[in-house]
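Chains as they are written, first to last, in this note's numbering: chain A, 1 to 357; chain B, 1001 to 1293.
Just so you know, these hints were derived from the structure itself, not from any lab.
One should not assume that every hint holds.
[Claimed, not checked] With the C-beta cut set under 8 angstroms, the calculated list includes, among others, these residues of chain A facing chain B:
hint, residue
1, Ser237
2, Glu240
3, Val245
4, Met305
[What the hints assert, rightly or not] Distance condition first, Cα-Cα at most 16 angstroms in a straight line; then the derived EDC-like pairs of lysine to aspartate or glutamate:
hint, chain 1, residue 1, chain 2, residue 2
5, A, Lys248, B, Asp1102
6, B, Lys1221, B, Glu1267
7, B, Lys1075, B, Glu1202
8, B, Lys1075, A, Glu240
9, B, Lys1075, B, Asp1091
10, B, Lys1075, B, Glu1087
Note that the structure is predicted; figures quoted are calculated from it, not measured.
Yeah, the Cβ is synthetic: ideal placement off N, Cα and C, and Gly gets one too.
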Amino acid sequence: MSKPASSVSQGTGVLGEPDAGERRDLSAPRLPRARAIGERVWDFASQGLIFGVLLALIAFFSILLPNQFPTAFNVRSMGISASVIALLAMGQTFVIIGGGIDLSVGAVLVFSGVVSAKVMAAIGPDAPLPMLIVAGGGVALLTGAAWGLLNGALVVRTRIPDLIVTLGTMGIALGLAQVLTNGVDVSVPLSLTNQLGNGNAIGGLPWLVVIALVTAVIMQVTLSATRFGRHTFAVGSNREAGRRVGVKVDAHRAKLYMISGTLAGFGGFLSLALYTNTTIAAHSTDNLVAIAAVIIGGTSLFGGMGSVFRSLAGVLVPVVLQNGFVIMGLRPFWQPVAIGIVLLLAVYVDGRRRAAG
Amino acid sequence: MAAPVSRAGTNGEPHTPGAGGRSTAPPQPPVVEAVGVWKSFGRVEVLRGVNIAVGPGEIVALVGDNGAGKSTLLKILSGVESLDAGEIRVDGRAVEIRTAADAHAAGLETVYQDLALAPHLDVSANLFLGRETVLPGLLGRLGFLDNKEMRRAASDDLQVLGLRVREGLATSRVVDLSGGQQQAVAVARALTWGRRLLILDEPTAALGVRETAFVLDAVLKARDERGLSVLLVTHDLPSALRVADRVVVLRLGRESASFEARRVSVEQLVGTITGVFDGRSSAGAPEADEAVL
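Make the full structure from the sequences, and use the hints.
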């Protein structure tokens, strides 16, 4: 093992480079009070920023388009269209906090959807819905997990950078999905679409939104309250530190890719339910949309910081923007322009936060 | 890993320091012993049959020039590198230390020169990293953390080190601390978990005068209050002489001399480190070149 690459060298307090500011009294281990408060306010503001932006956008469009934007139908359709990407963004949040990245999620979603659709076709379109859900959903989850395992194994066992590993598996998964289908989309039983994809759980609340929210709560609690979550932050913050205290760093990183793959598989199944078929060609930018959502939500691209709920807000900001633009009659070409600007702002804020501490 | 972690040692419980106190050689079987350890990287033989022993309650300073093999020996003791030949004995029994976990299990805790803290985590999370306290019952079995308990224990640990604990230190992120404070956290972590031997790698490098004094004080506390033995790897000879019972000089991958700390001067050590004269001969060497420091 060569010299550890990383140490406590981001931000202030580099032990090897003491400056005047660091020669503070050890028995009073505290920042100057004013600076500490300033940093906390900035920290709090930048962490809550994305929710503020989201609320401001919703308020803006609601006032501008009171009859079209804040309607039950419109809110419902926004929620449904956000839910599949939200699953991808949650898995991506774990991977990015752990210091990695997963470009393969969109392709894994498509591949898992294809396998799931084929399994459901084999069972027969008239099979009872619970059976279709258990078989189709189970297969999609397992397929996604397998791709995640492959990503994780390649990232920790080979010296191939994660960006390249997942770029490679992205191509492989998408190509194989087309090989399996000859490029022709496979349809799924109508009952799945009617009851799950467009169906409501309670009142007007769609199943897809409920599923995404429940998953988000589970993922957020895992991240912030469990040992697994603690190790996820540690692995992204300083891998060597984790290794030295006995955290199984490589196994943990592989698990993060498995989480991402499994959620992509889940997304693949829900996508079938929503769009009635495998929509192979429609997910080519899902990975970038998910990564952008995570970054917009304030998860640091360098690892060690982040939150699932903020990623959720990061998913919703582009959805609300796009929806508002469409209703306003603005040409849809403006949407990526707006998202690009939001993304740059988010990374700028992240950089400032890092510089502050 | 599922069971709640029980921490080594009770806070503040005074241990009797090993009977050794200040003597030249370990009087009892050593707590930790490296016997005939060889290690090469490629064709470079870094360690060539090193023998070193640390007795109970003994503070041993390991000094030597760059490339003498100090850090390699340290890495072997902490499970980062594995040895080619020879063995490590703990309480007289040979143990295999292949991973950091093996070293911890043997009761050896290391404070690394580059700290190895997770900057984005708070002090309490760092103190407990890899050995988190979980909630009792089913939630604990699911891996839910008992942050309250960890923060309380972290405050206690910092207090033992003489850090006047202001509210909030345990919840400050490490990245917000000064270099000396970070070092204090790293020492506190090793002190908390070490059961036999505390290994410190250049703990005072780049520290100010006050911070150096603090760390040396912590080393003495590790021995006096926790009953730990200490292996101090350092270039800082005055500091080594201040706290150590014994100073072992490593030269060209072998131990070349062992001195009782109060009977040796910095000049003599420098001479031995650079090979100007052999430490075993009693003839003084006034020509020893201090400029090496």
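Now the hints, each set against the structure:
no. : hint                    : verdict
1   : Ser237                  : holds, 4 angstroms
2   : Glu240                  : holds, 6 angstroms
3   : Val245                  : holds, 3 angstroms
4   : Met305                  : holds, 6 angstroms
5   : Lys248(A) / Asp1102(B)  : holds, 13 angstroms
6   : Lys1221(B) / Glu1267(B) : violated, 28 angstroms
7   : Lys1075(B) / Glu1202(B) : holds, 13 angstroms
8   : Lys1075(B) / Glu240(A)  : holds, 13 angstroms
9   : Lys1075(B) / Asp1091(B) : violated, 19 angstroms
10  : Lys1075(B) / Glu1087(B) : holds, 14 angstroms
Hint violations for this structure: numbers 6 and 9, all remaining hints satisfied.
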